[in-house]
Every structure is written in structure tokens, then in C-alpha cells.
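Trainee: Starting from the given sequences, assemble the full structure and let the hints guide the process.
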Amino acid sequence: AQSVSQHNHHVILSEAASLELGCNYSYGGTVNLFWYVQYPGQHLQLLLKYFSGDPLVKGIKGFEAEFIKSKFSFNLRKPSVQWSDTAEYFCAVNAPGGNNDMRFGAGTRLTVKP
Amino acid sequence: DTGVSQDPRHKITKRGQNVTFRCDPISEHNRLYWYRQTLGQGPEFLTYFQNEAQLEKSRLLSDRFSAERPKGSFSTLEIQRTEQGDSAMYLCASSTRNLQQFFGPGTRLTVL
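These protein sequence lines are chains A and B, in that order.
Last residue of the first sequence: 114 (our numbering), numbering continuous.
Last residue of the second sequence: 226 (our numbering), numbering continuous.
Don't read these hints as lab results, they were simulated from the structure.
Just so it is clear, the structure is predicted and the values come from calculations on it, not from any experiment.
Just so you know, even glycine gets a beta-carbon here, dropped at the ideal spot from N, CA and C.
Take these hints with a grain of salt, some might be off.
What the hints assert, rightly or not - Okay, the calculated beta carbon distance ranges per label pair: (1) B:E170 x A:S18: 38 to 46 Å; (2) A:S52 x B:E142: 19 to 27 Å; (3) B:Q198 x A:I12: 27 to 35 Å; (4) B:L226 x A:L46: 32 to 40 Å; (5) B:T152 x A:K61: 21 to 29 Å; (6) B:L226 x A:P40: 21 to 29 Å; (7) B:S180 x A:P55: 24 to 32 Å; (8) B:T152 x A:T111: 19 to 27 Å; (9) A:T111 x B:L169: 36 to 44 Å; (10) B:P122 x A:S52: 17 to 25 Å; (11) B:P122 x A:I12: 28 to 36 Å; (12) B:L169 x A:P40: 27 to 35 Å.
Mentor: So this is what it looks like as C-alpha cells:
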């Protein structure tokens, strides 16, 4: 069964600091990988996704993620965070060609201090 | 707004009562999903529809839970004889084929 681990439960940064949120998944086959963000009081929104091709994926708002197959990882990065990036971030995985049910990590709460 | 909508946004009920939630997916999306999210956790998959067919159900979906999508458009999730452990955010998402899922705002259920 697929599972997703997010190593950091709560990250606190100052504005302009660099961000890296860890995500590891457990699944033996081909996977699709996602990062979703949930801003306070809002619904889940897609930040970026990886299906195939270039393992370095660029998403919205300056976020990027790198798929490292050998490490079963899909870490999220941003060079310089802003106060508006304060949110909950969820890594997710599904198996292409299957029923497409998504497995989510427990989430990482990011607090950016102004 | 052409996104996924859910109704109601909040529901407070007493233990033992039945509740029903509705999800309206993005109109051209043939796949619809229900998830449950509790505090401090990511969403957990409950069930999945392709058009009107319910193709997969998680073991989390006990026999008190039932979901329907009668015409392949909107879906309902019913919880019978609610328990305090059912308190959670219930999320609906929709997609086309094997692409990204778009999530609705959720229905927050509180069982007293």
C-alpha cells in the first residue's frame, strides 16, 4: 500500500529564508506526485505535480520540487519565503492507471514571520 | 464560480442522528472522490466514483457510511447513526481521467 511521510510537522521561518519541506513515499511502482497547499480558511489547492519527464518541477508562487526516484523523495523548495506563504502543505501520491485515489502525508504547517 | 462546491459548509449534530452532505463537482469531471480529514492529519481517501459507478471504497467507510452519485453529476455522502469519532472535515474532489484532483471547501461535521 502507498504511504507518504512528511518529516516536519511545523516549520517556522523568517521572511526571505529558504524553505525545504521533506516528503518520502512508499510505493514500488510508477507514481504521480503532488504538493497541495491549504491557506488558512481556504480549500486545498495544487502547488505542483510530477507525472513524468524532468524531475525538477516548477509550480506556482515560486515553488519547485525535485523527484529523486532512488530516494523515493519529492521535496518542496522555495528560495525565499514570504509571509503570505504561511499555510499547511501536503505531499500526496497516486498510482497512474489505477483508481487515482490519493494518499496524503500528515502535512507540514509553515509559519512565516514578517 | 466553476469549482467544486460542497453543502453544507458546517454541520453540528447529536450523536445517533443521520447526516447527508452534497458535493457538486466541476461539470466536465467524470471522477469524484470523498476524503475525510481530521485535525493534524492529511486527507484520507473514503470512496471514488467514475461517472455514476462507485468503483472503490476504503475500509474506513464503515457500513454506516453510504455514498451515491445517481446521475454521474453531484454526489451525496450519508452517515447514519453518527458517532463522536465521525467529527471531521469531509472533502470532495473531482478530476478528469488520471489528472490532478480539484478539491472543494469541505463540510465540517461536529458530532456532540
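Trainee: The structure should be examined with respect to each hint, and the outcome stated for every one.
Mentor: Against the structure, the hints:
Here the CB-CB span from E170 of chain B to S18 of chain A is close to 39 Å, well matched to the stated 38 to 46 Å. At about 24 Å, the CB distance of S52 of chain A to E142 of chain B agrees with the hint of 19 to 27 Å. For the pair Q198 of chain B and I12 of chain A, the beta carbons lie near 32 Å from each other, so the given range of 27 to 35 Å is met. The hint said 32 to 40 Å for the Cβ distance between L226 of chain B and L46 of chain A, and at roughly 35 Å that hint holds.
Remark: the range hint 21 to 29 Å for T152 of chain B to K61 of chain A is upheld by a beta-carbon distance near 27 Å. A hinted range of 21 to 29 Å holds for the C-beta pair L226 of chain B and P40 of chain A, which are about 25 Å apart. For S180 of chain B paired with P55 of chain A, a C-beta distance near 41 Å fails the hint of 24 to 32 Å. For the pair T152 of chain B and T111 of chain A, the beta carbons lie near 21 Å from each other, so the given range of 19 to 27 Å is met.
Range check, T111 of chain A to L169 of chain B: Cβ separation about 39 Å, and the 36 to 44 Å hint holds. Hint check: P122 of chain B to S52 of chain A, Cβ distance near 40 Å, so the stated range 17 to 25 Å is violated. For the pair P122 of chain B and I12 of chain A, the beta carbons lie near 34 Å from each other, so the given range of 28 to 36 Å is met. The hint said 27 to 35 Å for the Cβ distance between L169 of chain B and P40 of chain A, and at roughly 34 Å that hint holds.
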